[in-house]
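Peer 1: Sequence:
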Amino acid sequence: MIRVDLHVHTRFSGDATITPRLLVDQLYAHSFIKGVAITGHDTLQGYRSTRRMARAAYTEVSAETSVDDVLRAIKKGLVGS
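Residues 0 to 80 in numbering that gives the first Met the number 0 are what the sequence shown lists, from first letter to last.
One thing to keep in mind: the hints can contain errors.
Claimed, not checked - Below, simulated SDA-like cross-link-like pairs (lysine to any residue); rule was C-alpha separation at most 20 Å, straight line: (1) 33 x 17; (2) 33 x 1; (3) 33 x 59; (4) 33 x 0; (5) 33 x 61; (6) 33 x 8.
Source of the hints: derived by calculation from the structure; they are not laboratory data.
I would like the entire structure built from these sequences, with the hints used as guidance.
Peer 2: Pasting the structure below:
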């Protein structure tokens, strides 16, 4: 069975305190977790940092955004409506 956590925040998201380094350390310590989706509010910094550090472990790291972030971007004209 492949286990993946599909909703993880880092300190860059503003609603969590875990650093990308600590997250990667936890992934190494719990090798049964094969991937995570980093959810960042208005930022990809947590995703980019975590992905860079996790590459050596062959752990899949993807980016995720919330519906609120997409709606906020549409209102600001950052993405097409």
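Peer 1: If a hint holds in the structure, say so; if it doesn't, say that too.
Peer 2: These are the hints, each one checked on the structure:
For the hint linking residue 33 to residue 17, the alpha-carbon distance of about 18 Å falls within 20 Å, and the restraint holds. Restraint check: the Cα-Cα separation between residue 33 and residue 1 comes to about 6 Å, which is no more than 20 Å; the hinted pair holds. For the hint linking residue 33 to residue 59, the alpha-carbon distance of about 6 Å falls within 20 Å, and the restraint holds. With a C-alpha separation of about 10 Å, the suggested pairing of residue 33 with residue 0 holds against the 20 Å cut-off.
Proposed proximity of residue 33 and residue 61 is supported: the alpha carbons are some 12 Å apart, at most 20 Å. A hinted pair counts as satisfied when its Cα atoms are at most 20 Å apart, and residue 33 with residue 8 qualifies at roughly 17 Å.
Hint compliance for this structure: no hint is broken.
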